[in-house]
Amino acid sequence: MTDFVHPAVLFILGALPIPFLKGSIRKAYLLLIPALAILAVFTMQPGSYGAAQFIGQELLIAKVDKLSIVFATVFTIMALIGMVYALHLTRAGEHVAAFVYVGSALGVVFAGDYLTLFLFWEGMAFASAYLVFAQRGGPAVRAGFRYLMVHITGGVALLGGVILHGLATGSLLFGPIEGGMGVAAYLILAGFMLNAAVPPLNAWLTDAYPEATVTGAVFMSAFTTKTAVYVLARTFPGTEILVWLGTVMALYGVIYAVLENDCRRLLAYHIVSQVGYMVAGVGIGTEMAVNGATSHAFAHILYKALLFMGAGAVIHVTGLRKLTELGGLYRTMPLTVALYMVGAFAISAFPFFSGFVTKSMVVAAAGQDHRALVVLALTMASSGTFLHTGLKLPYYMFFGTDRGLQAREPPRNMLVAMGMAAVLCIAIGVFPQPIYALLPYRVDFEPYTGVHVTESLGVLMFTALGFVLFLRALDPENTISLDTDWFYRKGARHFMWLAEKPLARYEQAVSDVSETAVLPFLHGTARAGLRIDLNGVDAVVSGVARSILRGGGALRKLQTGVVTHYALAMIVGVIAAIAVFAVAWQ
Amino acid sequence: MIKRVVDFFGDRRYAKQRRWLFFLVLVLIVIADFLVFREHAEYLWDRLPGWSAVYGFGSCVLLILFSKFLGHQGGLMRREDYYD
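These protein sequence lines are chains A and B, in that order.
The opening position of the first sequence corresponds to residue 1 in UniProt numbering, with each subsequent residue numbered one higher.
The opening position of the second sequence corresponds to residue 1 in UniProt numbering, with each subsequent residue numbered one higher.
Just so you know, these hints were derived from the structure itself, not from any lab.
Hints should not be assumed to be uniformly reliable.
[To be verified] When the alpha-carbon atoms are kept at most 35 Å apart in a straight line, the in silico DSBU-like pairs for lysine-lysine are as follows:
hint, chain 1, residue 1, chain 2, residue 2
1, A, K322, B, K3
2, B, K68, B, K16
3, B, K16, A, K322
4, A, K27, A, K66
5, B, K68, A, K322
6, A, K27, B, K16
7, A, K490, A, K501
8, B, K68, A, K490
9, A, K322, A, K490
10, A, K490, A, K27
11, B, K16, B, K3
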């Protein structure tokens, strides 16, 4: 085990001492563990570690290959950035939850069998739910419970699929699902798609993330959906339905983002949109497409965290989260503006920013696979991405109407964390080779061609022209948007109404009938029964009791009280049993 | 430095310069799209210079109008206390 230290163990066991450490020692410790985890990932060798047997099933705690290393690399880097961002928190609870959350995500990434995967999968759900609860207050707690409820439901679907899969194939080892799509495969797919926030299973994300704490949302934006992309890439590459769901997803998030007023909910809808590219890439399933999905996940974690950190900084400083209440902050928060815009350029795929070298790989893979419609839809979604995260959100949050808000730059640790993410966003865009070298397949793709640069700039800058011309139409409105969470928020209420009104009335009617008609009848039969009991049954019972008493007396004579007699009887019994066994089981 | 750049994009004083810079960038991008070397054109639009500009603008307008239509006419946008 010298060449492999499981980073999940580092985080999960490493979470235990946090509550007992104080002040700067705790801060140093919070940074040390992610740093050690990065080191562990950089030094690990591909292979299988921690094979074991459990109730007759083969388990494999960790399976290391190129795909898991890419995700583990970005997860550990992100953990470090997220910890720097959260360093000013005094309560230990959120740190512990974040550690367990990151550790569980890493556990999923290395899981070699479905049982290990499932355990860490649930660990992620519970630890991340804490990051919502930690915000406190009614809306957050309610959103946290909805989040937990949805994820537990997804977990049950996953577990059901895993058990069926295990029964059918005789193995729980984690790998590509082969041999057609059965019930087991669909259940597993549903569990994975729920965590990837594929519509219609997307609403938990946009419901809960904006309610989480400022620092918690940064972690959440990075891990849950991307572990789902990872497991999809492992198990379902080349599944046709994912191409279409991913493409729909990319546009779905963008369409909802137009309507959104809450700054972090708008960003959350862009997670849905961006994960759509990755899901589509996994669905296309060619080497280039899986490379594209993987590298886009890598870039996405960093720029999306940067965007969430920027919006979080505004919330931290002003206490406001609605675009209708924000505006004019650029004077007091220029650094935050600049760092946020780096993230915005990266997600929009401007040349020399990370999205440019990763998102285009997915689109190019779709083109190579002769999927013109997918190419057009994904390009349209890129336009929408820049429209919202690059133009609408910064315009109404930082520029726009000056509302005279009292603001200042956020604490230094927040700025440093944003700076780290921003540097990586630009570094990946300018030097894509190190990322390309990490990818599971050999990369045969050159992002910096003349056509690609001018076409991207054309799409993006003319989107900006549309924004300028239609600015008034985009003014945020004081509304919320209905999404599929309606079904369990309002729909559940309708169900409760059904339970309370018609069902209760039915129950009342039934009890009325029983009181007027059934009860007298029952009384009559009971009286008749009593007579039969007294006259007939009692006589029989007394007779039986008397004969048992006599039998008991006879038996008592057999009891000698001598131990040897009993032992003899036992030996005779054993011999008789063996004889019966030998005869009957020949 | 950063503050000056951010101020340039925020301050009303620079509105005119901003507009000219923006139009200049748009024109340059279209010109560049006509000049750039196209070796590999798989789809019809790959051969059309300026296509990306048209498509980007069209997408943006379509997304805004379609979403707002869904929000207002389709009933997706509700009062903030809808769930309370």
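The hints, checked one at a time:
Among the hinted pairs, A:K322 with B:K3 is consistent with the structure: their alpha-carbon atoms are about 25 Å apart, no more than 35 Å. For the hint linking B:K68 to B:K16, the alpha-carbon distance of about 30 Å falls within 35 Å, and the restraint holds. Proposed proximity of B:K16 and A:K322 is supported: the alpha carbons are some 29 Å apart, at most 35 Å. Simply put, A:K27 and A:K66 have alpha-carbon atoms about 32 Å apart, close enough for the 35 Å limit, and the pair holds.
A threshold of 35 Å between alpha carbons decides the hint, and for B:K68 with A:K322 the separation of about 18 Å falls inside it, so the pair holds. The straight-line distance between the Cα atoms of A:K27 and B:K16 is roughly 48 Å, outside the 35 Å bound, and the hint therefore fails. The suggested pairing of A:K490 with A:K501 holds, with an alpha-carbon distance near 16 Å, which does not exceed 35 Å. Distance restraint check for B:K68 and A:K490: the Cα-Cα separation of roughly 23 Å lies within the 35 Å cut-off, and the hinted pair is therefore satisfied.
Distance restraint check for A:K322 and A:K490: the Cα-Cα separation of roughly 23 Å lies within the 35 Å cut-off, and the hinted pair is therefore satisfied. The straight-line distance between the Cα atoms of A:K490 and A:K27 is roughly 43 Å, outside the 35 Å bound, and the hint therefore fails. Of the supplied pair hints, the one linking B:K16 and B:K3 holds, its CA atoms being roughly 19 Å apart against a limit of 35 Å.
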